[in-house]
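As a plain string of letters, each chain reads:
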Amino acid sequence: MTRPAAPLMPTLRHILARVHTRLILFAVLMAGVTLIAAGVLIMRDYAERNLALVARTASYTIEPALLFDDMAAAQDGIAMVANGQGVRLVEVRDNQGRLMTRWIRPDAGAMARLEATAEKLLWPSPVTEPVRHGRDIIARLTVHGDAGAIGRYLLSGVVIALACLGLTVIATQILARRLQKDVTGPLAQIADVAHAVRVDRRFDMRVPGADIAEVDQLARDFNALLDELQQWHAGLLSENRQLEHQATRDPLTGLGNRAMFERQLAASVEAAEQTGQGFAIIYADVNRFKQVNDGHGHDAGDVMLIVIAARLRAALRNGDLAFRLGGDEFALILASDTTREVVEALAARIDTGMEQPIMLPSGQSIQSSLSLGWALYPQDSADPRDLLRHADAAMYAAKGRRHATTD
Amino acid sequence: MAAPVFQPAMMPLGSGSDRMAAGAARMTDAILEFTRWPVEKTLVHLCVVGVADHAGQLDEISLSNGARVQVSRLPDPAAATQCDALYIGRMAALDNRRLLTAVRGAAVVTIAEADADCRSGAMFCLLFTPQALNFQLNIDAVSRSSVRIDPRVLRLSKGGY
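Residue numbers (my numbering), protein chains in the order written: chain G, 1 to 407; chain A, 408 to 568.
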């Protein structure tokens with residue numbers, strides 16, 4: 001089933017997929033950004049407390065080393081406390097601000113500058129802790145945090161967010177496919193059926209039910225509409241047939257009327273031309289019909305015509321047709337493959353059939369007879385008009401002979 | 408007796424003719440800062456025994472907790488337990504042993520000025536080099552004494568605890 005293509009219009013599936021992608025993208029970004037931001041804040045808070053703890057512990061640890069003036073021991077003490085604790089740099093300065101000792105994370109390499117920048121963003125000022133001995137402050141210790149852990153967290157957050165986005169694309173595809181199956185599939189079926197009904201007049205087609213309430217309702221309403229359309233169409237057809245019947249039949253005798261005779265004559269000519277076989281027509285006129293009509297009434301005339309029509313029909317062979325052209329005139333079209341002898345024999349048989357008296361409603365019986373004239377196609381004429389004139393002439397000749405014999 | 412000995416800490420010496428004495432005084436000060444007696448002292452009796460070459464500036468010591476330090480010569484080793492700290496100079500091996508035996512288990516911190524091997528049984532042994540003043544710790548003596556030495560001082564030794 002082909003539907004007119006509309007390439008510029010987006011399909012429902014594309015719209016659904018696009019909406020889904022945006023929705024999930026939005027959700028992932030929202031969740032990702034929120035989680036990462038919250039995570040960074042929490043980690044920053046913990047790292048800050050950790051730095052304070054490291055500062056306090058280092059300050060306690062190096063107190064004797066400072067008193068003994070042993071900077072190597074002080075550095076060892078700092079290293080022992082700070083190493084692996086997210087600390088980048090520790091500096092110890094005396095009360096005059098002179099640098100006593102400093103410890104830098106050993107593996108701080110090429111990334112140190114970058115990390116120092118990140119650290120400045122996270123912790124604008126380093127943690128400072130005084131080194132006390134008794135009541136005196138003998139030095140001050142500053143601890144700079146290491147942004148590496150938070151950097152790794154950010155990196156893993158971004159990687160996870162990207163992975164989620166990848167999953168989003170897959171999920172969107174699956175969702176769109178499912179929605180297509182559930183929504184656009186049934187809609188496409190409805191569209192197909194509508195197209196079939198419009199183009200091929202397939203009023204018997206129906207849309208199958210769907211799994212979605214709205215679509216199912218639409219399908220059922222569409223089917224109900226098709227039911228009505230089918231009934232209406234059938235009614236129209238039968239009415240047409242009835243009209244056709246009325247237009248081509250003589251209501252009194254049930255035979256074909258003149259219009260049908262002419263149509264059939266044309267069809268017979270065409271058939272004869274194609275097959276090369278001939279046919280014959282017979283004109284019949286009821287003798288003394290006017291007298292019957294005048295003498296016994298129109299009812300009697302009608303009865304007479306009905307009986308004559310029945311007798312003509314009875315005399316015909318399979319494939320032959322009888323028509324009432326009007327008044328008391330009848331015409332027969334004899335099926336193809338007819339010879340003059342066969343037509344003469346048939347005419348004789350009709351004459352014989354008419355010998356039986358006809359019972360009138362009044363109880364009287366009257367004798368009837370027909371004047372018959374025939375013409376053969378193509379022997380007498382290959383032109384239909386001429387053929388009819390030929391038969392007509394033959395019929396009037398017969399009527400004349402009959403008058404001559406009876407009068 | 409083979410007491411476990413820690414690697415020395417390093418205290419750089421300044422300049423000047425009395426730099427040895429100044430170093431010894433600072434070192435003694437630092438040791439006393441991290442020494443806790445069973446009863447808190449407001450006055451620490453620092454007794455100098457034997458022939459001490461670098462004890463000249465000991466009386467300049469002041470402790471950060473406010474306790475005063477009183478430096479005196481100890482004429483009679485038998486009275487050693489009345490001191491809170493002993494600064495031991497050169498003396499005869501027998502006298503030295505007798506002295507340290509007398510203060511064993513007592514609340515007296517002992518600092519030996521002239522015991523490079525730290526075998527005399529003193530808790531701290533000062534080691535003089537031209538550039539720096541070191542000390543060694545006799546952990547056996549420290550653990551026998553009833554004064555407590557802040558364990559962080561032990562950590563000053565490289566490769567220590």
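Keep in mind that the hints were calculated from the coordinates and are not lab data.
C-beta: ideal position from N, C-alpha, C; glycine also.
You may find that some hints are simply not true.
To be verified - To give a feel for the contact side, a few chain A residues facing chain G, derived at Cβ under 8 Å: (1) 418; (2) 437; (3) 563.
Stated by the list, open to error - Covered stretches of chain G (chain A as the covering partner; in silico rule of three or more C-beta atoms under 8 Å from a C-beta of chain A): (4) 61-70; (5) 134-144.
Stated by the list, open to error - Now the in silico label distances, taken between C-beta atoms and shown as ranges: (6) A/473 to G/125: 52 to 62 Å; (7) G/99 to A/450: 49 to 59 Å; (8) A/444 to G/106: 35 to 45 Å; (9) A/423 to G/98: 12 to 22 Å; (10) G/99 to A/421: 14 to 24 Å; (11) A/480 to G/45: 58 to 68 Å; (12) G/106 to A/422: 32 to 42 Å; (13) A/450 to G/128: 32 to 42 Å; (14) A/488 to G/107: 50 to 60 Å; (15) A/480 to G/128: 38 to 48 Å; (16) G/39 to A/423: 41 to 51 Å.
Hints versus structure:
no.: 1; hint: 418; in the structure: 5 Å, holds
no.: 2; hint: 437; in the structure: 5 Å, holds
no.: 3; hint: 563; in the structure: 5 Å, holds
no.: 4; hint: 61-70; in the structure: holds (count 8)
no.: 5; hint: 134-144; in the structure: holds (count 3)
no.: 6; hint: A/473 to G/125: 52 to 62 Å; in the structure: 34 Å, violated
no.: 7; hint: G/99 to A/450: 49 to 59 Å; in the structure: 37 Å, violated
no.: 8; hint: A/444 to G/106: 35 to 45 Å; in the structure: 41 Å, holds
no.: 9; hint: A/423 to G/98: 12 to 22 Å; in the structure: 20 Å, holds
no.: 10; hint: G/99 to A/421: 14 to 24 Å; in the structure: 19 Å, holds
no.: 11; hint: A/480 to G/45: 58 to 68 Å; in the structure: 60 Å, holds
no.: 12; hint: G/106 to A/422: 32 to 42 Å; in the structure: 34 Å, holds
no.: 13; hint: A/450 to G/128: 32 to 42 Å; in the structure: 36 Å, holds
no.: 14; hint: A/488 to G/107: 50 to 60 Å; in the structure: 54 Å, holds
no.: 15; hint: A/480 to G/128: 38 to 48 Å; in the structure: 46 Å, holds
no.: 16; hint: G/39 to A/423: 41 to 51 Å; in the structure: 58 Å, violated
Going through the hint list in order, the structure does not satisfy hints 6, 7, 16.
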